[in-house]
Amino acid sequence: MRLRSSNAMTTTTLPIRSRMSPSRREAFWGLVFIAPWVIGFLVFAIGPLIASLVLSFTDFNLVRPEAMRFIGANNYIQMAGDPLVIQGLVVTARFALIAVPTTMIASLGIALLVNSPRLFARNIFRTFFYMPIQIPLVASTLVWLGFLNPETGWLNKILGMVGIAGPDWINNATWVYPALTLIGLWGIGNFMLINIAGLQSVPSELYEAARIDGAGPWSMFRRITIPLMSPILLYNLVISMITTFQYFTQAYVMTNGRGDPNNATLFINLDLFREAFVNDHMGYASAIGWLLFVIVLMLTIVLFAFARKRVYYAGGEA
Amino acid sequence: MTATRATRLPSFGDGGPVARTMRRYLVRSSVTLLAVMLLSGFLLPLLSMLTISLQDAGQGTISGAPFYPASPATGTFQGAEYDIYVVPIDGVDRSLMLVTKGRVQSTFVDPADPNQTPIVWQGAWRTLKQSWTFDPKWSNFATVWSQLSFPRLLFNTAAVAILSTLGAVLSSALVAYGFARFRFPGKNIMFVILIATIILPFQVTLIPTYTVFTKLGWNGTWLPLIVPHFFANAFNVFLLRQYFLAIPRELDEAAMIDGASPFRVLRSVILPMSVPALVAVTLFHFFFSWNDFFLPLLYLSGKPDLQTLPIAIQQYNALYVTQPSLIQAAALMTMAIPVVVFFLAQRAFMRTVVMTGVEK
Chain A
1 MRLRSSNAMT TTTLPIRSRM SPSRREAFWG LVFIAPWVIG FLVFAIGPLI
51 ASLVLSFTDF NLVRPEAMRF IGANNYIQMA GDPLVIQGLV VTARFALIAV
101 PTTMIASLGI ALLVNSPRLF ARNIFRTFFY MPIQIPLVAS TLVWLGFLNP
151 ETGWLNKILG MVGIAGPDWI NNATWVYPAL TLIGLWGIGN FMLINIAGLQ
201 SVPSELYEAA RIDGAGPWSM FRRITIPLMS PILLYNLVIS MITTFQYFTQ
251 AYVMTNGRGD PNNATLFINL DLFREAFVND HMGYASAIGW LLFVIVLMLT
301 IVLFAFARKR VYYAGGEA
Chain B
1001 MTATRATRLP SFGDGGPVAR TMRRYLVRSS VTLLAVMLLS GFLLPLLSML
1051 TISLQDAGQG TISGAPFYPA SPATGTFQGA EYDIYVVPID GVDRSLMLVT
1101 KGRVQSTFVD PADPNQTPIV WQGAWRTLKQ SWTFDPKWSN FATVWSQLSF
1151 PRLLFNTAAV AILSTLGAVL SSALVAYGFA RFRFPGKNIM FVILIATIIL
1201 PFQVTLIPTY TVFTKLGWNG TWLPLIVPHF FANAFNVFLL RQYFLAIPRE
1251 LDEAAMIDGA SPFRVLRSVI LPMSVPALVA VTLFHFFFSW NDFFLPLLYL
1301 SGKPDLQTLP IAIQQYNALY VTQPSLIQAA ALMTMAIPVV VFFLAQRAFM
1351 RTVVMTGVEK
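Sequence order for the protein chains is A and B.
Letter by letter, the first sequence follows residues 1 to 318 of our numbering.
Letter by letter, the second sequence follows residues 1001 to 1360 of our numbering.
Bound conformation, chain A alone (with noise of 0.2 Å):
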């Protein structure tokens, strides 16, 4: 389509009501270009956002669609003594402590490390940190699965090298968590590099002062770096929080999908897969899903309103 008033800016002579004004024109474009998604927000976001909730108040199934009916807010009372459920979000919530600070550290230490002056090839260094998170998460699971298999894995047989019996990283209820911990590693990348540039964009006047007032290495990193990163390592946060709401790939992986050892790696999403796609209760999983947005939704406003108070805004408003 061509449109050969385009020129009606200089044309203002031309009879207004024959044409669209200049401005109703503009809005009449912009919202062409953005109706695709538009019409995506409304048929994969909103549309199926109401719809799982209205689902979530029957015991809607594939099986017998037709017989749907709605059972009020049965799914959720039955949510709340679901002892899967339960697990479930233990779970998720256990692996969140331990995964969440051990990411935040790893890739602000490794931050610091590749953005050292003194490292030689830096480059180099933040290239080979970062690209573990190109590998297939499923590739990358099964690689990690192999060096850490408790007879045939490398971890165990360098441990055992040093006199250190290495535990049952994959079998053992406890000891999973620090395993599937250590798969995440390799998805630092992002927060590495944006913590890279968090340290970057520290203005350098700030530390020849503090040099000149006698700070040393600690207290620089404490009163100057942290403080002036907040923004940046708050959104990480947040990010990494909510990837580990979604956390499912790996567990499915590490146990085919059954949530072993003794339902130590049943993460909430795992539960929910297997009420939905296995047993078919897809109203009850509609319910686990809506449970999931407002944990996710009401910590990321925890999130925020802490930040408000700790967080530092360059240029004011606190």
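Quick caveat, the hints were computed from the structure, so don't treat them as lab data.
Only a predicted model underlies this, so the values are computations on that prediction, with no experimental measurement involved.
Heads up, a few of these hints could be off.
Unchecked claim - Each computed SDA-like pair below joins lysine to any residue, with the alpha-carbon atoms no more than 25 Å apart:
1. K1215(B) x I39(A)
2. K1215(B) x P65(A)
3. K1137(B) x T1076(B)
4. K1215(B) x W154(A)
5. K157(A) x K1303(B)
6. K309(A) x W154(A)
7. K157(A) x L1044(B)
8. K1129(B) x P65(A)
9. K1129(B) x L159(A)
10. K1215(B) x F44(A)
11. K1137(B) x W154(A)
12. K1215(B) x F277(A)
13. K1303(B) x F277(A)
14. K157(A) x L1038(B)
15. K1215(B) x L159(A)
16. K157(A) x Y1068(B)
17. K1215(B) x F41(A)
As the list claims (entries may be wrong) - Residues from chain A that face chain B, not an exhaustive set, calculated with beta carbons under 10 Å:
18. E26
19. A35
20. L84
21. F120
22. M131
23. T225
24. Y252
Unchecked claim - Calculated from the model, a selection of chain A residues having no Cβ within reach of chain B, i.e. all distances over 12 Å:
25. T174
26. E205
27. A215
Positions of the beta carbon are idealized from the N, C-alpha and C atoms, including for glycine.
Assemble chain B onto chain A, guided by the hints.
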């Protein structure tokens, strides 16, 4: 440097230029060494993958087997094949063929010189260590290639990734252009909503979407993995919009005065100037799709002919748990293309992460 200084050895406490340079290099080398050690540990699982992928299936479970891919060494004596053991004779370890096994004494033959008189060794042969030779099993890759029907998996994965990337880049460019260049009512709030969809967990929209796709008969086809990407997504739009905003408006206005339609401006002015951003979005989306596990698991589990790599190797793993070398070979083959492309285009990848993560 003065003559008196040069005569004595520079010490670290010295403030002289040689000592200072020396100290700086020492610090730099130790930091670099630390980084090398950390990185080696970080990437050690990759070396373990490569090594195991070249081993014979059972090697990992045999005690006394080396860590590198190897098979027991053998030699021939009078037409028969015998295993080679490490035999301590007179304080020297010799690699000899074990010809006659005995509990108290055994007979050995030197594989280098089989015509020599056989050596009788006193002691239990079971206490001896077997000798291994380096022997990579390249055939593991061929086995995985044919067992998994790898060419078909590559085709499926690439086809899904290309189609969904096409949709994602096209639609995101249109939407980003709309947000970057036009004023319309509700624009700001719509942009905020767009960004907010990033925190919308996929689980909360999953069941209705799955139900509708199933009703449409799309379950067991590629359509659920492709069609939704034709409706733009927040990360791509955000990135492209940032880029479009940096292009001077005078350029579009000049084209408009020459009679170009908004579509034409996008095609002839904006897109040609945004190649780096388009490349970045393309790469990111391509490998997002290439690596995706959940949706193929959901829609293609029962369709071996249409499956993509990640789901196929997961099923392969579940089937061949006792064959670690084949699993590691499959993992290596699955990561080969993404890793190679990453190294070729690492700048584009890494710059994009920083753009979306920091500059908002």
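Each hint, compared with the structure:
1. K1215(B) x I39(A): Distance ~20 Å between K1215(B) and I39(A) Cα, so the pair holds.
2. K1215(B) x P65(A): holds (11 Å)
3. K1137(B) x T1076(B): Distance of about 22 Å is within 25 Å: holds.
4. K1215(B) x W154(A): violated (48 Å)
5. K157(A) x K1303(B): violated (39 Å)
6. K309(A) x W154(A): violated (46 Å)
7. K157(A) x L1044(B): Satisfied, since the Cα-Cα distance of roughly 13 Å is no more than 25 Å.
8. K1129(B) x P65(A): Given that 25 Å is the threshold and the Cα spacing comes to 66 Å, the pair is violated.
9. K1129(B) x L159(A): Holds. K1129(B) to L159(A) sits at ~23 Å (cutoff 25 Å).
10. K1215(B) x F44(A): Roughly 15 Å separates the two Cα atoms, so the pair holds.
11. K1137(B) x W154(A): Between K1137(B) and W154(A) the Cα gap is close to 19 Å, so the pair holds against 25 Å.
12. K1215(B) x F277(A): Judged against 25 Å, a Cα distance of about 15 Å means the pair holds.
13. K1303(B) x F277(A): holds (16 Å)
14. K157(A) x L1038(B): Given pair K157(A), L1038(B) holds - Cα atoms ~19 Å apart, limit 25 Å.
15. K1215(B) x L159(A): Violated, because 53 Å separates the two Cα atoms, which is more than 25 Å.
16. K157(A) x Y1068(B): holds (13 Å)
17. K1215(B) x F41(A): Satisfied, since the Cα-Cα distance of roughly 20 Å is no more than 25 Å.
18. E26: holds (5 Å)
19. A35: holds (8 Å)
20. L84: violated (15 Å)
21. F120: This interface hint holds because 5 Å falls under the 10 Å limit.
22. M131: Interface hint status for M131(A): holds (6 Å vs cutoff 10 Å).
23. T225: violated (15 Å)
24. Y252: Holds - the Cβ of Y252(A) comes within 10 Å of chain B, reaching about 7 Å at its closest.
25. T174: Since the minimum Cβ distance to chain B is about 21 Å, T174(A) lies beyond 12 Å and the statement holds.
26. E205: holds (20 Å)
27. A215: holds (19 Å)
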